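Given chain A, put chains B and C in place with the hints provided.
Here is what each chain is made of, one letter per residue.
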Amino acid sequence: MKLGVCYYPEHWPETDWASDARMMKAMGLTHVRIGEFAWSRIEPEQGRYDWGWLDRAIDCLHGAGLEVTLGTPTATPPKWLVDAYPEILPYDEHGHPRRFGSRRHYCFSSPVYWRESARIVEAIVGRYGRHPAVTMWQTDNEYGHHGSDESFSPAAKEAFRLWLEQRYGEVERLNEAWGTVFWSQTYRSFAEIDPPAATVTEPHPSHRLDWRRFCSDQMCRYNEMQVAIIRERSPGRSVTHNFIGDFTRLDHAKMGRALDIASWDSYPIGLLSEGPASHEKKQSWLTRGDPDFAGFNHDVFRACSPKWAVMEQQPGPVNWARYNPAPAKGMVRLWTWEALAHGAEFVSYFRWRQVPFAQEQMHAGLLAPDRTVQPVAGEIETIASEIARLEPLAQEKAEVAILLSYESLWQHEIQPQGNRSGPLRPARDLYTACRRLGLNVDIVFPDSELTGYRLVLLPAVTILDEALCEKLDRSGAMVLATALTGARTVSGRLPHNLPPGPLQRWTGVKVMSFESLPGFAEFDVTIEGKSWKASMWREAIETQGDVIGNFADGAPAFVRQGRFHYLACWPGEDLLLEILSRLCLQNEMPVIDLGPDLRMRSTARVKFAFNYGSAPIDLGGKGAPQEDNAYLLGGRMLTPSGVSAWPIRPILERH
Amino acid sequence: MKLGVCYYPEHWPETDWASDARMMKAMGLTHVRIGEFAWSRIEPEQGRYDWGWLDRAIDCLHGAGLEVTLGTPTATPPKWLVDAYPEILPYDEHGHPRRFGSRRHYCFSSPVYWRESARIVEAIVGRYGRHPAVTMWQTDNEYGHHGSDESFSPAAKEAFRLWLEQRYGEVERLNEAWGTVFWSQTYRSFAEIDPPAATVTEPHPSHRLDWRRFCSDQMCRYNEMQVAIIRERSPGRSVTHNFIGDFTRLDHAKMGRALDIASWDSYPIGLLSEGPASHEKKQSWLTRGDPDFAGFNHDVFRACSPKWAVMEQQPGPVNWARYNPAPAKGMVRLWTWEALAHGAEFVSYFRWRQVPFAQEQMHAGLLAPDRTVQPVAGEIETIASEIARLEPLAQEKAEVAILLSYESLWQHEIQPQGNRSGPLRPARDLYTACRRLGLNVDIVFPDSELTGYRLVLLPAVTILDEALCEKLDRSGAMVLATALTGARTVSGRLPHNLPPGPLQRWTGVKVMSFESLPGFAEFDVTIEGKSWKASMWREAIETQGDVIGNFADGAPAFVRQGRFHYLACWPGEDLLLEILSRLCLQNEMPVIDLGPDLRMRSTARVKFAFNYGSAPIDLGGKGAPQEDNAYLLGGRMLTPSGVSAWPIRPILERH
Amino acid sequence: MKLGVCYYPEHWPETDWASDARMMKAMGLTHVRIGEFAWSRIEPEQGRYDWGWLDRAIDCLHGAGLEVTLGTPTATPPKWLVDAYPEILPYDEHGHPRRFGSRRHYCFSSPVYWRESARIVEAIVGRYGRHPAVTMWQTDNEYGHHGSDESFSPAAKEAFRLWLEQRYGEVERLNEAWGTVFWSQTYRSFAEIDPPAATVTEPHPSHRLDWRRFCSDQMCRYNEMQVAIIRERSPGRSVTHNFIGDFTRLDHAKMGRALDIASWDSYPIGLLSEGPASHEKKQSWLTRGDPDFAGFNHDVFRACSPKWAVMEQQPGPVNWARYNPAPAKGMVRLWTWEALAHGAEFVSYFRWRQVPFAQEQMHAGLLAPDRTVQPVAGEIETIASEIARLEPLAQEKAEVAILLSYESLWQHEIQPQGNRSGPLRPARDLYTACRRLGLNVDIVFPDSELTGYRLVLLPAVTILDEALCEKLDRSGAMVLATALTGARTVSGRLPHNLPPGPLQRWTGVKVMSFESLPGFAEFDVTIEGKSWKASMWREAIETQGDVIGNFADGAPAFVRQGRFHYLACWPGEDLLLEILSRLCLQNEMPVIDLGPDLRMRSTARVKFAFNYGSAPIDLGGKGAPQEDNAYLLGGRMLTPSGVSAWPIRPILERH
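Chains as they are written, first to last, in this note's numbering: chain A, 1 to 655; chain B, 1 to 655; chain C, 1 to 655.
Everything labelled a hint here was simulated from the structure, so no lab data went into it. Just to be clear, a hint being listed does not mean it is correct.
[Said to hold, decoys possible] Capping the alpha-carbon separation at 27 angstroms, the derived lysine-lysine pairs in DSSO-like fashion look like this: (1) Lys-282/C to Lys-533/B; (2) Lys-533/B to Lys-281/C; (3) Lys-281/C to Lys-329/A; (4) Lys-533/A to Lys-281/B; (5) Lys-329/B to Lys-533/A; (6) Lys-282/A to Lys-533/C.
[Said to hold, decoys possible] Pairwise CB distance ranges, derived in the manner of DEER restraints: (7) Arg-371/A to Ser-421/C: 32 to 38 angstroms; (8) Arg-371/A to Asp-546/C: 25 to 31 angstroms; (9) Gln-283/C to Arg-371/A: 49 to 55 angstroms; (10) Asp-553/A to Asp-465/B: 54 to 60 angstroms; (11) Ala-26/A to Glu-158/C: 51 to 57 angstroms.
[Stated by the list, open to error] Stretch-level coverage of chain C by chain A, calculated; a stretch enters the list once three of its residues show a Cβ under 8 angstroms from a Cβ in chain A: (12) 178-190; (13) 408-420; (14) 486-497; (15) 506-514; (16) 517-525.
Since we're looking at a predicted model, the values are computed, not measured. Beta carbons are placed, not taken as given, at the ideal position from N, Cα and C, and that holds for glycine.
Bound conformation, chain A alone:
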């Protein structure tokens, strides 16, 4: 459990560096990320490297006892490179290059950019790969951000064709898999296939699905190229990439397999402002963020690589959202502890000092631009001392797992079926309900080991194969699948035996037809005489299993066959809490409704409580100790933005 910070020595007078490093150290920070946008300083013109400043910056941090994470600067190719090779630019769907003047202006399929990227990474890793201060490398920065996952360049077109050929071998197999007979979309060769762009009406969904796969794969391959260079020339160092929260255009699980640490950039307030949350939630959590935003993403990235971390933690107002409130006092500490309670290797704040120029000039840092230390630094010093008291915090496998499938998210994005809240909504709704019930949650992927879970949730996992179903069965877990689970094959078609496809065998359910409904058209689901609201999706199913819940017209809504449950609609929050509570009860998993603002997280021996609301909460009624002296952090009355922690098993080594 370490704390770190993101730092840009190139933005500041060299005379400030040593003092900055001392202040970092004094604040309790141990890790410093640098360099990830500095290409034009490292190589001011083609082939001329300027290492001096970076040598001195690293040595300065090293001298202060800080560890350095060095970023490869490929997210920002310099103007001279763009001018020399305009073909490296990404292209929009009309064939226009997206231009220089911000960041991420490159196409993952450009052979020239691969070559130039390899060259600069080799140069940097060659120089600092064995520097004792450099203990971690970060590849690039936020792959795919700003729509940069997609490029419709000539190079991307060629690469897509090749990718398709490798996937399908013969074009006839692609025609068959996609169903190109529809609307005479048949291809005679891979060379006839373009990216899905600028069509007269919507492009073929299988075409789009493979395009999403391709775009994600291109990012993974590009990353692996950088990782390979680093591993060869910088032995013993960790490799990470800083992913984006709530981002779905990249298969994090696939990319994460190449990394040692999956890190991500956590902006709870900015993302609430920009996200699909309701007006009421935006009001309620204005200065604290959605209680499940960070937790969900922690659990996602925890599942991607051997270790995980927060590379950029919002420390104050940001610059890029529609509106940018300051986090409530205490929230930076709360977010940090939420991350550590989830098992983060480190939490690193973005950024050390607010930069007074360029795009992010209104993004707060730990220091104001004039080097005044911001009040948030006090929270960080507090955390540093608290960590020393509590660590180590061993993690435990959760009893509940939510299955996330990036292919399914892409399919869902392509055919959202009336869901206007984005492809993550199904998983997020389930996650929130579990966390509200006090449960730890693991995110799992289709290739994850499932043994040991007592409950596995399938939130509209549209693409699902036989093998996964069998693994679910073998796991012995109780399974809950929602509407749209198993609704597509790997080719993006309806299963030949209808949804839920391979899961029919286990759920005894067959979906005969599907409705998407507007927000105003709520409807009832009745279980044992009591009714709850559902909305958005409703399926007409045939079932062999037990009918637990019904729609108003008597049709089956919630059914089970053995350990497998199927919910033929999208549940409102209360219905979801009811259903999960029932399943947990049957599983002898104790639950308690924590309400909208309180969240808890159990580690092996310590349990944490976090108050995301604006009113104090008495933990005495929530299973926490009654006496304040039983707490390791905080106490029974949990103030707004407060953190409490208490032992849940004898802690022998506690001092």
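Quick look at chains B and C alone, frame taken from chain A:
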């Protein structure tokens, strides 16, 4: 009165065909439309035709006793054709081609596409033109859909110039007609004129109006090319095209003159979801559709050609709207009877079997993808047996006609004057009011015969010439013209004598100025001391006639001179009902307010009632028989989604 | 104080001209603007001039005793010119030309267009420069309208590079000023710099700020080219340009320095409809316009040039807004008097006669298209006779000044910090509060003389230099600066000493952090135990001064040091009225709350009251005379849309 279905043998194993055909026949279907998107199966590469499968498919249907409507496949040119001749693609207004990968990716002005279209149509008609099963041809599919009415290609530019030259002869006449002296827009030759695209601020409205005419004409000409080939090589067969409901970019009346049957594609629920109806109406009619959507379009297409039909009838949830609810039970039967009661030759369901791949995989069919028969099939079997009991249903000319002018709709689209509900709104509001009052309505066009109508309504028919006014006068009908009627000349200018232009002479009205108003600015119209709401448009008029209604400041709002009435505003629904009731009363036409959900349709000897609402309706108080045994269909209590029918004149031949 | 009208003889039969001129004269009009869109009539093809019609038109007006303002026709280059030199078109940010077919289709940076503009201006001024009727010239028409301030053409790119080189000399200075080290945006030469367009995410804010400066400068330079030609060849005539109200893309102060008269085009109702006002305000002022729209713009343009005027005054419904109501009866007179009371040289109505064709056919004139005189003409005749009674009206310097900085408006547009109402909102809110308190207001610019003001308001003037602060100090005025004042340097960076930058010294305030907040997040500011609402912006400040108001958590919200006050938030209207009232009280400036609809304007010896509301107002309680016979116009009861005026000092010369 026949029932049919749309079928795609190329999507299914040949082994299913015979069984499909038998099932169709057993369900009471007699017509099957096939082939309209099958170009790449018919001609897999340039000049190589594969007729075998289509021969067998037609023979198979024929063998089962089904009639075949064969579609020309020109809505979906294959990729090999697009690659060989990229110039056939349509271009957007910035000069980018709209690309292959869905449908309708061709430019109506491309000489190459004309040639290739003629070639494929000749080949298909040459082969099947005299096949006994093939009793009808459909040209292309939904001309103009997805914005394909417009193309800004080089070919379109050339064709537009030629079209303008043919219309105006000399460029000076165009300059004079448009008024290009404004803003120095004068042209020295037709070769200087481009399509109206990408201008700095709004393009010249007369330029846009002629562009709309040109785009519509190009579609008509292209269609006539196909029709001519069919007529020559397939004597005795009907020719149809499947038009789009509520579509205004094509002059259906003009195209319809070349056809035997004007058919259209009726999606009452999808179009409600996508259309401009209020939130309340979308809630109210979520699973039943707007009660006047289908009726209005039936009456439009009934007016276009000697016969008319529904080529695609929604049979369940569709895939393409924002949200896609299932029709309430009974609605497919209701929609079918509404069509038959309006005089449809046939109603054909789209589609036979839900296809499990490609863009429309979530569009319901009569069969599920796994061939399970959907419950809706039961409704169709019911209709088939009911038809046998009721046919034939002779149609009668209505007493009320609403005049629709595509030129006026285009002018209205170009200058909507604050109307945010689309150019059809004026006609639709009048149609709804008439139908609510229990009236049959005929749609008429400017060149229609008007004799025999007792009331002719002019819903903001902005472009209106002297000849039409004289025809209105000669008809002897009472006339009601609303605000904006006669507000433009054929060139899109204000009339020299001010609006309502030629109608001044008959209405005694002269419009001195015009206001468009926001939705929140309702205002009163008072007639004989009682007030009703109006909104959106208000005109300051001078009048020679009798003032019947006034605005709050005393200015004339509703006036008459002889049989001609003029309403100088846009009426709220209640005001419109009041005015129409008054006019009908004066005309000795009985009316009754059926309310928002009940609709009736009279044929020569049978009257139908349709309940689009969610509550039962007692027809006893609506002029229908009191005794249930007097009904041919249903009874006095009309259930939600129910249909009742009863004789209104002695039916001698009734069994 | 004169009245005028905009006239297009080229739109009408020559036989109407003399009669038109007589009618103008009879209506009390003395000035006629003509010719500003007539290029294609003056030069129907390259080098062939047709002067005859214009000679006759000018002579005709002259003969009727009217003065002529002649416009240069450069806003509408003819098609032949565009076809001969396509490079004169403006380009959008994707590099597409914006096309012919409306107006303003030229790029200010095109050398060819400069040459051609100079040629046509020289030709026209050469012919009419000494014509006795021609007393004023108008350059072009509404520079920058329809986004024409920006062009991304190759010529603009070259010009921008040159402009940057002239501003910075060395590219290193630009790199330093902008802070291009961020995200490796460093440039090695000016030739590497493109306009900020089509970047992957937001472009660099300093890059955008200099682009705005450049675009505005290009318009100023182009205008100066025209002015120089006019001054040389038409001695003794005034030169004006007709600016756009509420427009911020052009530095009016800078362009105004080259003009004799800054005129502007006043459309109070159209601009309300299109603008960011709340729904409630749009309802309330539907037919009268925002009471401060015209006043604010009058005061802006009054500050730009030695004289100012209204070149186009809305006389009825317009054509171009979302909805276009007719002005309430009396409003045209009210607007005219509001302008004259602010010191307008003349008010000129747009347009004489409604044109029955082309884009503006629905724009009302004083005459209908059929030459019927509209009722508004009666209001104009009234004004003409009233002017004769009241003139001259000497103006007085106001006691309150609001500082407007176009650079700050551009910076604000680039980084709006959650303000969704446009960059003028801060200034407009302050203006409205002052006017509601009965104060005359002067708009001042950074280079204006400030001596003599008692109160100077800085509405989020983000870019502020030391010299301006010193001038504020020397002026002796009380100063109120709001949040974001001084928040940027001239390079668009945060000041090195943090906001409010140079103003820190005088206000004793240092802004440590800034929040932007959504509309729903109002918060309290408490002054002496009473609380008012604020919203949108909140700053955490350190202060050396006296704390007058506090936020709910006790942090300072409103502080003062000597005469300088700083408000660390955005005030709701009530808070703003409270603060201004306090400052005025301390300054011994009497204030009275006139409410939302009443506005007053004092000239040297006459005070005017204007009622923008729909209820009568008793002026007796607002400091106006009790007796009706003490009024010069109107009386004590001010009717809706009414004007009252009364003497406020002995008027010796009154007849």
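| message | Verify the CB-CB distance for Arg-371/A and Ser-421/C against the hinted window 32 to 38 angstroms. | response | Once the Cβ atoms are compared, 35 angstroms apart, the range 32 to 38 angstroms for Ser-421/C and Arg-371/A holds.
| task | Could you tell me whether the CB distance from Arg-371/A to Asp-546/C stays inside 25 to 31 angstroms? | result | 27 angstroms, holds
| task | Given the hint that Lys-533/B pairs with Lys-281/C, test it: the Cα-Cα distance must not exceed 27 angstroms. | result | Between Lys-533/B and Lys-281/C the Cα gap is close to 22 angstroms, so the pair holds against 27 angstroms.
| the segment 486-497 of chain C covered by chain A? Criterion: 3 or more residues, Cβ-Cβ distance below 8 angstroms. | holds (count 7)
| Supplied distance hint 54 to 60 angstroms, evaluated on CB atoms of Asp-553/A and Asp-465/B | 56 angstroms, holds
| query | Given the proposed pairing of Lys-282/A with Lys-533/C, does the C-alpha separation stay at or below 27 angstroms? | reply | Between Lys-282/A and Lys-533/C the Cα gap is close to 20 angstroms, so the pair holds against 27 angstroms.
| task | Closer than 8 angstroms, Cβ to Cβ, for at least three residues: run that test on the segment 408-420 of chain C against chain A and report holds or violated. | result | holds (count 3)
| field | Coverage of the segment 178-190 of chain C by chain A, judged on three or more residues with CB within 8 angstroms | value | holds (count 11)
| Is 49 to 55 angstroms right for how far apart the beta carbons of Gln-283/C and Arg-371/A are? | 51 angstroms, holds
| query | Residue count check for the segment 517-525 of chain C against chain A: does it reach three with CB-CB under 8 angstroms? | reply | Check passed, 4 qualifying residues.
| request: Decide if the proposed pair is consistent with the structure: Lys-533/A and Lys-281/B, CA atoms, cutoff 27 angstroms inclusive. | output: 22 angstroms, holds
| Cβ distance range 51 to 57 angstroms for Ala-26/A and Glu-158/C, holds or violated | Roughly 52 angstroms apart at Cβ, these two residues keep to the hinted range, so it holds.
The structure is inconsistent with hint 3 alone, although it conforms to all the rest.
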